[in-house]
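Same order as they appear, the protein sequences are chains A and B.
Anchor point for the first sequence: position 120 equals 120 in the working numbering, and the numbering is continuous, going up by one each time.
Anchor point for the second sequence: position 187 equals 187 in the working numbering, and the numbering is continuous, going up by one each time.
Any given hint might turn out to be false.
Derived DSBU-like pairs: lysine-lysine, alpha-carbon spacing no greater than 35 Å straight-line [stated by the list, open to error]: (1) A/Lys-275 - A/Lys-27; (2) B/Lys-193 - A/Lys-275; (3) A/Lys-27 - B/Lys-193; (4) B/Lys-27 - A/Lys-27; (5) A/Lys-193 - B/Lys-193; (6) A/Lys-193 - A/Lys-27; (7) B/Lys-27 - A/Lys-193; (8) B/Lys-27 - B/Lys-193; (9) A/Lys-193 - B/Lys-275; (10) B/Lys-27 - B/Lys-275.
Calculated from the structure, these hints are not laboratory results.
Residues per chain are reported as follows:
2 protein chains.
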Amino acid sequence: MNDEATVFVPGHITGFFTISEDDDPTKAGSQGAGLALSDGVTVTVQAADERAIYLDDTSIEVEAVERVLDALAADVLVDAESALPLGAGFGVSGALALGAALATNQVLDRGLSENELITIAHGAEVQAGTGLGDVVAQAKGGIPIRLEPGGPQHNVVDAVPSRVRVEYLHFDELSTESVLEESGELLNDAGEKALSLLVREPTLSSFIYASRGFAREAELLTPQVGEVIDDVSAADGQASMAMLGETVFALGTGLSDAGYDPEHCNTYPAGAVFK
Amino acid sequence: MNDEATVFVPGHITGFFTISEDDDPTKAGSQGAGLALSDGVTVTVQAADERAIYLDDTSIEVEAVERVLDALAADVLVDAESALPLGAGFGVSGALALGAALATNQVLDRGLSENELITIAHGAEVQAGTGLGDVVAQAKGGIPIRLEPGGPQHNVVDAVPSRVRVEYLHFDELSTESVLEESGELLNDAGEKALSLLVREPTLSSFIYASRGFAREAELLTPQVGEVIDDVSAADGQASMAMLGETVFALGTGLSDAGYDPEHCNTYPAGAVFK
Chain A
1 MNDEATVFVP GHITGFFTIS EDDDPTKAGS QGAGLALSDG VTVTVQAADE
51 RAIYLDDTSI EVEAVERVLD ALAADVLVDA ESALPLGAGF GVSGALALGA
101 ALATNQVLDR GLSENELITI AHGAEVQAGT GLGDVVAQAK GGIPIRLEPG
151 GPQHNVVDAV PSRVRVEYLH FDELSTESVL EESGELLNDA GEKALSLLVR
201 EPTLSSFIYA SRGFAREAEL LTPQVGEVID DVSAADGQAS MAMLGETVFA
251 LGTGLSDAGY DPEHCNTYPA GAVFK
Chain B
1 MNDEATVFVP GHITGFFTIS EDDDPTKAGS QGAGLALSDG VTVTVQAADE
51 RAIYLDDTSI EVEAVERVLD ALAADVLVDA ESALPLGAGF GVSGALALGA
101 ALATNQVLDR GLSENELITI AHGAEVQAGT GLGDVVAQAK GGIPIRLEPG
151 GPQHNVVDAV PSRVRVEYLH FDELSTESVL EESGELLNDA GEKALSLLVR
201 EPTLSSFIYA SRGFAREAEL LTPQVGEVID DVSAADGQAS MAMLGETVFA
251 LGTGLSDAGY DPEHCNTYPA GAVFK
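Just chain A, same shape as in the assembly:
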């Protein structure tokens, strides 16, 4: 048994997605594509007598993490630090779930494989209603294309073979849960169209073009986000909306070129990694 283990999980911006419901949470999930980010969440797990979860030194309740710890029959201390805001479309809850699964397995010698731990974290996120594809993307890294939904036993994942600087600007929270509840056919049609565009030409410019089309067609684009995207386009840049958050992301220096003062990082080529 190790006293503690630390895992870095990249953040994940979803550009577009579809929703696949299934009674089996390892089959449910989404298709879509996004960017794994070098800004992410560092999760440290320590053996403990009682369960506790901290994010940036504040005690929090995260249903997906609770479900992961239940699945691993684990009472541990989960201590996470995030470079990214929760509820802003960066996959922080997915990162917490995946990081907790990997680190707890190590600390308590649970002897599960990577795919088994991804499956647990993915299923926990789906059941908590806080994400559909982040965990799978965060386990893969890079610029993942989720061709088929679900956990590792069921999904099919490809990627855009590239690496890029990413700028982002965050305004407000959107609840993944409420958007997912309200969304319907419109979203899935837009998501499938975006996916087929990207599959035809798996490049960064197709990705951002398909993402922007999705945000509009699925009617998820908020006025504030739409305005910033237009500003970036006017400055010859490429931007879209992070699903699901009141957040704009741009490739390269798109937001700075348009006069904004964004955060920036890069796509992260690895999935979740042990420190």
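The hints should help you fit chain B onto chain A, whose structure is shown.
For chain B alone, coordinates are given in the frame of chain A:
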């Protein structure tokens, strides 16, 4: 079009494997497990009028790379630097093939996906007879377990969720091609046994234990390598033989603890990455 692109591909030590033949090189390959290494090969591709391949400033012919460039209809300059010796069980030819595929796609705007490029590199290695599973493992990173053979459309890959320091000591060359030609049922039986051991308990100690058993049972262990492995065991360490090379690898400080002066690196958590 970009003028040049550079990709780092991790080295890969195979601990154990099976051989799966198939007329379709994207289905042929191997099951098995290994370690992706932070020591690897950096491949730079430049647009050029004539094709040329250099490894550490020396012009070389590498059939797998030629096949990759044929598949991409590419006349480019491939300039590679390797921290690892060729023909010693570190997957250098696989790294050259995969790095050339990813970088050429970028330089010539071929617009292929990551899986398509891995498929091309994997098929090229299989057809050249220089490797069966390295490319897939080097595209994945970490401590990959190849549950089913072939390229990304056909294989199933899992991993040991961990990260570790790796020491290695290299004596002489072994030709992958000649060993693969001579090997038969003995090898596949030993490989399947090792895989089922690792699947039951996907940990680092199972990996090295299963690898050592495989080397013995497949009768691939050379006297020199066997002696070093025994020395490491006597010093309470864990070592095995890199398939296929006259090379010993150990976890942690196994070789140094036994009084050897090995090279060392770490497992590399990402697959091939753009610089």
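Pairwise hint evaluation, A/Lys-27 against B/Lys-27, where the allowed Cα distance is 35 Å at most: holds (25 Å)
Straight-line alpha-carbon gap A/Lys-27 to B/Lys-193, limit 35 Å: holds (30 Å)
Restraint status (C-alpha distance of B/Lys-193 to A/Lys-275 at most 35 Å): holds (31 Å)
Restraint status (C-alpha distance of A/Lys-193 to B/Lys-275 at most 35 Å): holds (31 Å)
Distance restraint between B/Lys-27 and B/Lys-193, which requires alpha-carbon spacing of 35 Å or less: At roughly 22 Å apart (the allowed maximum being 35 Å), B/Lys-193 and B/Lys-27 satisfy the hint.
Pair hint B/Lys-27 and B/Lys-275, alpha-carbon separation not exceeding 35 Å: Holds, at about 30 Å.
Pair hint outcome, B/Lys-27 versus A/Lys-193 [Cα-Cα no greater than 35 Å]: holds (30 Å)
A/Lys-275 paired with A/Lys-27 [C-alpha distance capped at 35 Å]: holds (30 Å)
Pairwise hint evaluation, B/Lys-193 against A/Lys-193, where the allowed Cα distance is 35 Å at most: It is violated: about 45 Å lies between the C-alpha atoms, which goes past 35 Å.
Pair hint A/Lys-193 and A/Lys-27, alpha-carbon separation not exceeding 35 Å: holds (22 Å)
Hint 5 from the list above is the single one not met by this structure.
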